[in-house]
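**Student:** Taken in sequence, the protein lines are chains S and P. Here the first sequence is numbered in the numbering used here, starting from 1 and rising by one per residue. Here the second sequence is numbered in the numbering used here, starting from 1 and rising by one per residue.
Simulated from the structure, these hints should not be mistaken for laboratory data. Mixed in with the good hints, there may be bad ones.
Mimicking SDA-like on lysine to any residue, the simulated pairs with C-alpha atoms at most 25 Å apart in a straight line are [said to hold, decoys possible]:
#	chain 1	residue 1	chain 2	residue 2
1	S	Lys99	P	Pro124
2	S	Lys113	P	Glu156
3	S	Lys50	S	Leu69
4	S	Lys94	P	Ile128
5	S	Lys99	P	Ser130
6	S	Lys94	P	Leu18
7	S	Lys113	S	Gln98
All values derive from a computational prediction rather than experimental measurement.
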Amino acid sequence: MRYRFRCLLVVVVLMLSWFGTADSLLAQESCRISVETILAARNDNVVDPKLKRHIGELQSMFNYTSYRLLSSESLNLSVGQSGMVSLPGDRRLKITPQKIHGSRADIVLLMMKQTRTVFETQVQLLNRGNLFVGGPAYQNGNLIFKISSAY
Amino acid sequence: MTHPDSNVCDEILLDRYLDGDVDAGERVQMEAHIAACRQCRRQVASLEAFSQNLNDRVQHAVDSVDFVALEKQVLNKALRQYRSRGGLSRFVASLKYIIPATVTAGLLLFFTYSNYVLKPPPVPSAIINSFTGSMSSVMIFETPETRQTILWYTEETDVESEPNAV
Numbered sequence: 001m002r003y004r005f006r007c008l009l010v011v012v013v014l015m016l017s018w019f020g021t022a023d024s025l026l027a028q029e030s031c032r033i034s035v036e037t038i039l040a041a042r043n044d045n046v047v048d049p050k051l052k053r054h055i056g057e058l059q060s061m062f063n064y065t066s067y068r069l070l071s072s073e074s075l076n077l078s079v080g081q082s083g084m085v086s087l088p089g090d091r092r093l094k095i096t097p098q099k100i101h102g103s104r105a106d107i108v109l110l111m112m113k114q115t116r117t118v119f120e121t122q123v124q125l126l127n128r129g130n131l132f133v134g135g136p137a138y139q140n141g142n143l144i145f146k147i148s149s150a151y
Numbered sequence: 001m002t003h004p005d006s007n008v009c010d011e012i013l014l015d016r017y018l019d020g021d022v023d024a025g026e027r028v029q030m031e032a033h034i035a036a037c038r039q040c041r042r043q044v045a046s047l048e049a050f051s052q053n054l055n056d057r058v059q060h061a062v063d064s065v066d067f068v069a070l071e072k073q074v075l076n077k078a079l080r081q082y083r084s085r086g087g088l089s090r091f092v093a094s095l096k097y098i099i100p101a102t103v104t105a106g107l108l109l110f111f112t113y114s115n116y117v118l119k120p121p122p123v124p125s126a127i128i129n130s131f132t133g134s135m136s137s138v139m140i141f142e143t144p145e146t147r148q149t150i151l152w153y154t155e156e157t158d159v160e161s162e163p164n165a166v
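Put together the whole structure using the sequences plus the hints.
**Tutor:** So, in structure tokens, the structure goes:
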């Protein structure tokens with residue numbers, strides 16, 4: 001009996017771990033959103049070591065020579081809850097996870113500069129995936145915001 | 001065989017006499033009868049010859065047998081049977097470890113294969129469902145290998161923007 005119970009326990013643990021990593025069907029209530037602000041420029045060849053892993057592919061697409069990590073901020077947000085991230089140039093990014101389903105999270109991003117809204121977008125962000133939002137000029141380069149989610 | 005009283009041949013008594021299964025009185029009477037009866041003398045001689053022949057053959061057969069080798073053979077056979085029974089029971093006993101171990105290994109293999117080896121082709125890291133705003137330009141594209149989604153925009157009032165960055 002004890003032996004059967006152990007076998008059953010092993011099978012249950014393995015099945016749960018499999019479901020857990022294979023995009024669990026269990027509903028997720030919150031997610032961790034991180035926003036990294038990168039300054040891309042051409043005045044030197046410095047690439048922040050922390051960015052090397054993610055920037056490699058971007059370097060083949062952009063003609064910037066340097067990528068500097070200006071700031072990094074993480075938010076633990078429940079579904080429906082909004083979080084605000086301050087960005088350079090008097091910008092703010094309002095982030096609101098709307099729904100988490102399967103391997104993606106529906107997130108609303110609202111970019112504001114001073115008091116006006118620059119854009120509002122609704123994205124389906126892959127779990128542990130990144131969305132690079134870039135373009136605003138800043139200092140001698142352009143800002144790129146790496147927005148990623150994990151749950 | 002002769003009956004003591006009737007002097008008649010009695011085969012049953014003759015067989016008993018030959019087997020030595022008679023009392024002293026019967027023996028004396030049988031000996032007297034055999035001495036007088038030719039038929040019973042012949043039968044006694046025939047049976048004694050047969051018995052002797054049989055004994056000789058049995059003795060010969062027994063002499064030709066190597067009892068040491070036979071004993072070894074019997075012992076080996078018994079040992080084999082014992083070991084095979086013991087081996088089978090050990091195998092059956094070990095099944096209670098082998099089966100869960102196999103099942104666990106199979107599940108681990110399945111888990112590893114489905115999650116790490118059998119990686120699906122990359123999908124876009126982000127799907128943009130809607131986009132509104134006031135800007136001079138916007139581009140949405142993705143990196144070729146890992147399909148990282150990039151949203152590139154130029155603000156309307158951004159005098160420092162670099163439209164040719166990409």
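**Student:** Against each hint, give a clear statement of whether it holds in the structure.
**Tutor:** Going down the list of hints, with the structure as the test:
Between S:Lys99 and P:Pro124 the CA atoms are separated by roughly 18 Å; this keeps the pair inside 25 Å, and the hint holds. Our distance criterion of 25 Å between C-alpha atoms is met by S:Lys113 and P:Glu156, whose separation comes to about 11 Å. A C-alpha spacing of about 8 Å is found between S:Lys50 and S:Leu69, which places the hinted pair at or below 25 Å, so the restraint holds. Under the criterion of a C-alpha separation no larger than 25 Å, the hint pairing S:Lys94 with P:Ile128 is consistent with the structure, at around 16 Å.
A distance of roughly 15 Å separates the Cα atoms of S:Lys99 and P:Ser130; the hinted pair therefore holds under the 25 Å criterion. Of the pairs offered as hints, the one joining S:Lys94 and P:Leu18 is violated, with about 125 Å between alpha carbons and a cut-off of 25 Å exceeded. The suggested pairing of S:Lys113 with S:Gln98 holds, with an alpha-carbon distance near 23 Å, which does not exceed 25 Å.
Checked against the numbered hints above, the structure breaks only hint 6 and satisfies the rest.
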